[in-house]
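J.: Residue-level listing of the chains:
There are 2 protein chains.
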Amino acid sequence: MSSGKVNSDLQNERHKCTFNVTELINWIDGGAKKTEERKKREDMLLKEGIHHEEVPSMYLSHKEKYELAVKKACMLFKMIRRLQEEENAGMENYMAVLGGNLGSAILSDGSPLTLHYVMFIPTLMGQGTVEQQAYWIGRAFNLSIIGTYAQTELGHGTFIRGLETTATYDATTKEFVLHSPTLTSYKWWPGGLAHTANYCIVMAQLYTKGQCHGIHPFIVQLRDEETHMPLPGIKVGEIGAKLGMNGTNNGFLGFDQVRIPRDHMLMKNSKVLEDGTYVNAPSSKLTYGTMMFVRVMIVNDMCNYMAKAVTIATRYSAVRRQSQPKPNEPEPQILDYVTQQHKLFVGIAAVHAFRLTADWLWTMYNNVTAELEAGDLERLPELHALSCCLKAVSTAEAAAGVERCRLACGGHGYMLASNLPTTYGHVTAACTYEGENTVMLLQTARYLVKAWQQAAGGNALTPTVAYLGSVTAGRRSPPWDSTVDGIVAGFRRVAAGKIGLCVAQIEKRQKGGMCYEDAWNMTSVQLTEAAEAHCRAIILSTYHKETEERVKSVSPALKKVLLQLVDLYVVYWALQYVGDLLRFTSISERDIELLQNWYEDLLTKLRPNAVGLVDSFDIKDEILNSALGAYDGRAYERLMEDAMRSPLNAQPVNDSFHKYLKPFMQGKL
Amino acid sequence: MSSGKVNSDLQNERHKCTFNVTELINWIDGGAKKTEERKKREDMLLKEGIHHEEVPSMYLSHKEKYELAVKKACMLFKMIRRLQEEENAGMENYMAVLGGNLGSAILSDGSPLTLHYVMFIPTLMGQGTVEQQAYWIGRAFNLSIIGTYAQTELGHGTFIRGLETTATYDATTKEFVLHSPTLTSYKWWPGGLAHTANYCIVMAQLYTKGQCHGIHPFIVQLRDEETHMPLPGIKVGEIGAKLGMNGTNNGFLGFDQVRIPRDHMLMKNSKVLEDGTYVNAPSSKLTYGTMMFVRVMIVNDMCNYMAKAVTIATRYSAVRRQSQPKPNEPEPQILDYVTQQHKLFVGIAAVHAFRLTADWLWTMYNNVTAELEAGDLERLPELHALSCCLKAVSTAEAAAGVERCRLACGGHGYMLASNLPTTYGHVTAACTYEGENTVMLLQTARYLVKAWQQAAGGNALTPTVAYLGSVTAGRRSPPWDSTVDGIVAGFRRVAAGKIGLCVAQIEKRQKGGMCYEDAWNMTSVQLTEAAEAHCRAIILSTYHKETEERVKSVSPALKKVLLQLVDLYVVYWALQYVGDLLRFTSISERDIELLQNWYEDLLTKLRPNAVGLVDSFDIKDEILNSALGAYDGRAYERLMEDAMRSPLNAQPVNDSFHKYLKPFMQGKL
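From first to last, the protein sequence lines stand for chains A and B.
Per the numbering used here, the very first residue in the first sequence carries number 16; after that it's consecutive.
Per the numbering used here, the very first residue in the second sequence carries number 16; after that it's consecutive.
The hints are simulated quantities; they were obtained by calculation from the structure and are not laboratory data.
Where hints are given, some of them may not hold.
No distinction is drawn between identical chains; accordingly, a pair holds when it is met within one copy or between any pair of copies.
[Unchecked claim] Once the Cα atoms are required to be at most 27 Å apart in a straight line, the calculated BS3-like pairs of lysine-lysine come out as: (1) Lys341 with Lys526; (2) Lys677 with Lys93; (3) Lys341 with Lys49; (4) Lys567 with Lys465; (5) Lys86 with Lys620; (6) Lys683 with Lys48; (7) Lys49 with Lys560; (8) Lys20 with Lys523; (9) Lys635 with Lys93; (10) Lys93 with Lys62; (11) Lys250 with Lys20; (12) Lys575 with Lys560; (13) Lys341 with Lys465; (14) Lys55 with Lys575; (15) Lys20 with Lys55; (16) Lys526 with Lys62; (17) Lys31 with Lys86; (18) Lys55 with Lys250.
The shape of chain A in the complex, shown without the other chains (with noise of 0.2 Å):
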């Protein structure tokens, strides 16, 4: 493997930096402490050596990488196991594992096993009965059964309640029959499913007594528990070759009039009677739990891909030089260009973003679900629209991120040793799964609508749409500030103007004949805009509250920098919204040149921290797994070294050349 000395630029890098790393990695892991415990769970992961790859995953089949997934999560979760007897651990350690970078760096194509520990064990604890816990969970535990969770179907994605499979009781033998009627409702998606969980929770729709009672989860077997063969009824595979991802054995599965015993639906919350009478459930918005749960996770999750990209990018920028603007100079590094600072920095100060904001809604939905349990529902349409916005807002711009930091390392980072386009395919997935970006929006802009509309009827309102009272109350746009306070100020106007013409539009379709579904149909491109920019107001305002309060401990000179990348965040967003920012605040031409000179002045500033700033996420070179990024700037000698792990390299002349080529070029082929 690589090793020898740090490339000099980078050295330099290091030597301009104004502020102490180590301070920097404290302050984002939450405490000395807390980096210490993080160093030592990746030290010991990583030395048992589950990440090496003999030949490199990216040449493999994709049988291949399917069986070394297998493989890897076996390992995995055999050591984890491991851990777990000798720390006596709980299920946090789980979550340090397969959430964060540390999961993604061992299973780069993701796993097979990991619906079977987030979504298969958790469903089971949290809409089984006390009985069903007991039975089911200590077989998930010590994995006599392996499960997965399947929801989406071929045909029905976010719209859960479009699902076809059908669960019909029949009294007579007290058994559910599990059914597939069209190929349209063929179970599509579940990660594991296709040849590695022999169990499944199943959502279908309910039928007892004649009656369809919507959603309900049901545990089906699959697979025979010795031999792995399908039961009878059950038709099981794969999916397919996807654009990333493809160690999750995603699969298909349909029902060919399966039985199952009664005792097989979840019956936390709803229940069928021995003779199939329904009992429903006390409350239904329970079961959003899971899936904001899962939107808070994800906000997390694009702030450790958008680290790993803005880290390749900027440490490769250092090293990496080009083109001669000044005559008889050295080709200057091209992290000196501004274009390429353009590219960089905010995605450095959007990592920062995303991790507060995340916190902060983390913090939020812990206390609605606290609330939640004493029977208290009234914040839980607020946190519902957040994680909605949260969810579109954070994944698109990480996708968009992620591609910036990829393209901004010009050719090299369209190869795989790069590892940008494998973090894309991460990171651009999670813009469609649980619950595609644009339902995402226009959710929250319902939520925004109503909000608008109780504002206007002069009720109070949930904390975080409150601005919109004032404007709604007429009051009159103050003058331009040309501060983060004031732009943060000039986004909740733009999202309050916003919303005040969605509701006028929408009216003035309704006068004009339409109904109220195909008006807002009809509005609904400007109402997703509406939501973005309420987002915007959000995550700025957040992410600049958010340090403000937890710079006050740290040293005069982080303090300066990390206040730096607050205000390029800010000023980088307000000059996307420019034209917004036009239309519903006092902003003038004058304003927007100072906003940009301002912008172009915090680049200079932060560019002698740029390293120091990507070496804080203390990402290490085995999770970021970059030839182009590795923390000592060999990117030449790596990039060159994975090349020959190619193996189309073993040898000096492919058999293709005697078997096609030859012949073609004599004219014998």
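Using the hints, position chain B against chain A.
T.: Showing chain B alone in chain A's frame:
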């Protein structure tokens, strides 16, 4: 394979269409005769079945993908050779097959022989002397040798002067000595270089009599013609797996003092005499030709890829149903959602906009080339500036557009069976190859700044920048005009306004003590935006003018739709640029709201013709290669059929169960 009747939703769409699809197909091809020729060519190539894959290449290992690509490429060119002999056709046939959609349908991962035809032979023709052409071109045409073209190096891309490979003339032996002095000087990226080509044109720094004369082309033999073994002093291999195009066999190449005869330098332009005397080229600008040609071709490629992507996403959106906005009504086709129309229809318009702009640029290229050969270099800089920004803007818009189409298909767009990820792989590669996009925009910006200064000095300007004259002359912004012409004029004011601001910024920074280069760099983010705005004005006006000209002969029904598409595209971009229009024109808030309504109205008007419009791109299923986008709309059936072709589905139980999973579950791993 799939067969059976057409999906009824798609059938309904085709009934609704208000224009004659065949008329539009012919209009796009340039006449019914051209359509017929194209179809004949397609049928001829496809009936050979070379595109057919026993195991789809997406399931193969990296090495197998290459071997399949070699096999297919040999069969493809063997067939072309045969067809040429039969029909006595010229080079044009190569272009028809390699460019356009046909080549990428047969070799979806790229071809290891492309550079032989697209770069090796043309460079021999363009840069070889008559004697050299006589010797080499024959051998290359009859495939006695297979060549490629090596310019970029591991450490050097867009900045050609920075290349490090040296070719030092040794007058005593009358040879050039090729050498790679550093790791960064290794050639890196050329297609076919790794294991396919046995000859190569190498761009190297020419040294003779102790002096460097810059980059020149040399023919170097890489491998033994019989055994294909690399020759002594040649280090050659492949660079490793990439985001896409893994059949292209991109390679690296290093020289350890490799000697070649003097007449292996291509000497049509510059020469080295036997005694080592260097004789300069008559005009170094002539070598710009190839680069510009390739950039013109790229705009056309982008049109083809966009056409594929919108065809897939639009047909799938007609088939896919989701959600239930109105109670008791069936789930609507997702094509009925205005947010979906917003994602797709602008892409349909972009196909036409790109095609007409590429045609226009092609005509200009031919005119300028003819002028060049007559010794007139006057319009060369203008063409260069245009080809740079059009390359950058079209590739960036196509990349964003293809991804938007992919995401518009939800999770299923993530499957390789959709063919959208592979299409993205091709398109996004074009953002960094043949001149990185930011560098391209800055080249155009440099031309615009010069033009601005000429105009300010009262000089006349070349046609595509003539509009700068009226703005520098200080004419006030005319009243806003919400017609297509008015919007195009608005874009020109935006471009001019931005260039003017940039010039002012640079001057101000120089007065503040910066040198010109630093002032330019500090202003470069704004400069790229100015170049983009200029390019938008060009595309919008060209699309509009060319359409108006060419619809004169079409039926009223078709004319109406084609003009609606122009309107849509222009209004879409006006709404994207609202901030700039507010800054640099007299557009008002009221005008913006009207534009927004106009846009929404256009979406509604185009909705019934959406499927007809993509049908008119007339992309055969074999070329589209998409389960989601096939003509019959049997998206779900095809997804399942494609899944069943995965080798993982050939066995009910994968070996990894016995090897890893079962021992793991039993705690025996």
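J.: Treating 27 Å as the Cα threshold, decide for lysine 341 and lysine 465: within, between, both or neither.
T.: between (58 Å within a copy, 18 Å between copies)
J.: Please sort lysine 93 with lysine 62 into within, between, both or neither, judging by C-alpha distance up to 27 Å.
T.: within (15 Å within a copy, 53 Å between copies)
J.: Is it within, between, both, or neither for lysine 55 and lysine 250, if the alpha carbons may be no more than 27 Å apart?
T.: Cα proximity of lysine 55 and lysine 250: none, with 44 Å in one copy and 42 Å across.
J.: My question is about lysine 567 and lysine 465: at a cut-off of 27 Å on alpha-carbon distance, are they close within one copy, between copies, both, or neither?
T.: Neither: 38 Å inside a chain and 50 Å across chains, both beyond 27 Å.
J.: Is the C-alpha distance from lysine 20 to lysine 55 at most 27 Å within one copy, between copies, in both cases, or in neither?
T.: within (25 Å within a copy, 61 Å between copies)
J.: With 27 Å as the alpha-carbon cut-off, assign the pair lysine 683 and lysine 48 to within, between, both or neither.
T.: Neither way: lysine 683 and lysine 48 sit 71 Å apart in one copy and 36 Å across, limit 27 Å.
J.: Have a look at lysine 677 and lysine 93 and pick one of within, between, both or neither, based on CA distance no larger than 27 Å.
T.: between (50 Å within a copy, 12 Å between copies)
J.: Check lysine 341 against lysine 526 for me: Cα-Cα at most 27 Å, and say if that holds within a copy, between copies, both or neither.
T.: Only across copies: lysine 341 and lysine 526 sit 19 Å apart there, 64 Å inside one copy, limit 27 Å.
J.: Please work out whether the CA atoms of lysine 250 and lysine 20 approach to 27 Å or closer within one copy, between two copies, in both situations, or in neither?
T.: So lysine 250 and lysine 20 pass the 27 Å test across copies only (25 Å; inside, 56 Å).
J.: With 27 Å as the alpha-carbon cut-off, assign the pair lysine 55 and lysine 575 to within, between, both or neither.
T.: Neither: 30 Å inside a chain and 68 Å across chains, both beyond 27 Å.
J.: Can you tell me if lysine 86 and lysine 620 fall within 27 Å by alpha carbon in one copy, between copies, both or neither?
T.: neither (48 Å within a copy, 55 Å between copies)
J.: 27 Å Cα cut-off: does lysine 49 pair with lysine 560 within a copy, between copies, both or neither?
T.: within (23 Å within a copy, 64 Å between copies)
Checked against the numbered hints given earlier, the structure breaks hints 3, 4, 5, 6, 8, 14, 16, 17 and 18 and satisfies all the rest.
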